[in-house]
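Visitor: These are the residues of each chain, in order.
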Amino acid sequence: MLRLGRQSFADDRLLVMAIVNRTRDSFYDQGATYAEDAALERVRQVVAEGADIVDIGGVKAGPGPEVSAYEELRVTAGFVARVRSEFPDLVISVDTWRAAVGRAVCQEGADLMNDAWGGHDPGLIEVAAEFGVAYCCTHTAGATPRQPPHRVTYRDVVRSAIDDTVALAERCVAAGVPRESVLIDPAHDFEKTTWHSLELTRRLDEMVATGWPVLVSLSNKDFVGETLDQPTQGRLTGTLAATAISAWHGARVYRAHQVVETRQVLDMVASIRGLRPPASSTRALA
Amino acid sequence: VRAAVVPLTPLLVRSESGLADPVADLRDEAITAVRELAEGVSRLTVLCPVDIVGAPADYWWPSGRAGSGALSEQIARHLVDLAGVEVDLDVVLVSEVGPVPAGEALLVLGDGTACRSQAAPGFIDERAFPFDDLIADALEGGDGDALARLDQDLAAELLVTGRHTFAMLGAAKLSARRPVEAELRYRDDPFGMTYFVAIWS
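So the protein lines, in turn, are chains W and U.
For the first sequence, the positions run 1 to 286 when the numbering used here is used.
For the second sequence, the positions run 1 to 201 when the numbering used here is used.
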């Protein structure tokens, strides 16, 4: 059982986490949902499309103009409250590394702290424990938030991802975050070359074998773009291929821009694995 | 002083950039420089930056290519292999400006600033542009004094991996007290990070 705040999910459920950016400059949507009303419309759309979780972010992951904690709070906390009032049962995740932001959004009804920078602010774990919400442990190899990778190296990137995220997960449990509410994420592209992200995808079963539920964030990322030589808007096919492989390996949560396509891939893989019956099977059965 | 300056980008190893080869010209210039440096000598003294950002002391290749040890030393050995020259290497791992070792031919590893574009390792820092100009002018003009007096603090902020090794090259020039014939063979920043290839003879 995976418990994300107010909702619990059976172990064979694959979950789509829809990205909702309240940023001016995120790489894929370039500020399309920076305005609060546009972001709320995006939430309505992805919920209708079958998203299980929305992941609200107020700071672009890559480098760019600084976003202060105050500004991040301003665009996330009130928005979480609005989403919560319209969708009382929806799992709301917030993509932040700052404990102060985490505290504010938990007060407004967030269910999951998606700490994209791997425990950079240790106080965020305490917030998750205090509010009894879920926490996602990402592998960023100690990177400073928003600094791009530069000649990064690992003796074994999968071993590093497992060791770091499992250690962080145990820290969460020790701090009081419910064990069934802790996820691990290899964090494709974060402090990694494309080679590293490909290897993490290829060997994702090793992360799944830790027993911690695995979240993957693949959507339209640079490792897809570099692999297929595609600009940002041409990466959906590669994203879905990586999604399928990750699902085959047993990842549980998929952070995505395109909900419908991701859901279909997950359903297809689940059916191939024999975990989900076809929506309809009458062919040659009449 | 006789020397060649080359970068230490992992992309100099052909297979690391996948199917594309965005630094073919750079690699050609670096190989030529190493070959010229090695002419008529049996040993090269190799100044290898380590333990600073961009110059890891232990580098395992992301592609899975075999090899470990300092990135700069691996690049130096690779360039010597590609140049096809038979020389012994006296490798000096450099993590701060130190005394210049004896030797008739210096192979100096180092890059310029890494803060020249939105996608650069250090993002954009306007101070990078004049700083690279200063290094380029010094390499082109054989100006040991300018290299020896590089602003080390600013160079560190701009992620200049050559900040120590360039300064040591400058000091070697000053102590030799002879003019050099200097050529800057390559200067570009295809990934927002400046690469130089230079020859001093």
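These aren't lab readings, by the way, just hints derived from the structure by calculation.
From a predicted model like this one, the values you see are computed outputs, not experimental measurements.
Where a beta carbon is used, it is the ideal one built from N, C-alpha and C, also for glycine.
A portion of the hints provided could be inaccurate.
To be verified - Ranges between beta-carbon positions, derived for each pair: (1) W:27 <-> U:130: 52 to 58 Å; (2) U:96 <-> W:66: 27 to 33 Å; (3) U:25 <-> W:27: 49 to 55 Å; (4) U:140 <-> W:231: 48 to 54 Å; (5) W:170 <-> U:126: 43 to 49 Å; (6) W:6 <-> U:129: 19 to 25 Å; (7) W:241 <-> U:126: 37 to 43 Å; (8) U:177 <-> W:229: 50 to 56 Å; (9) U:133 <-> W:89: 55 to 61 Å.
Visitor: Enumerate the violated hints, using their earlier numbering and listing them in ascending order.
Guide: 1, 3, 4 and 6
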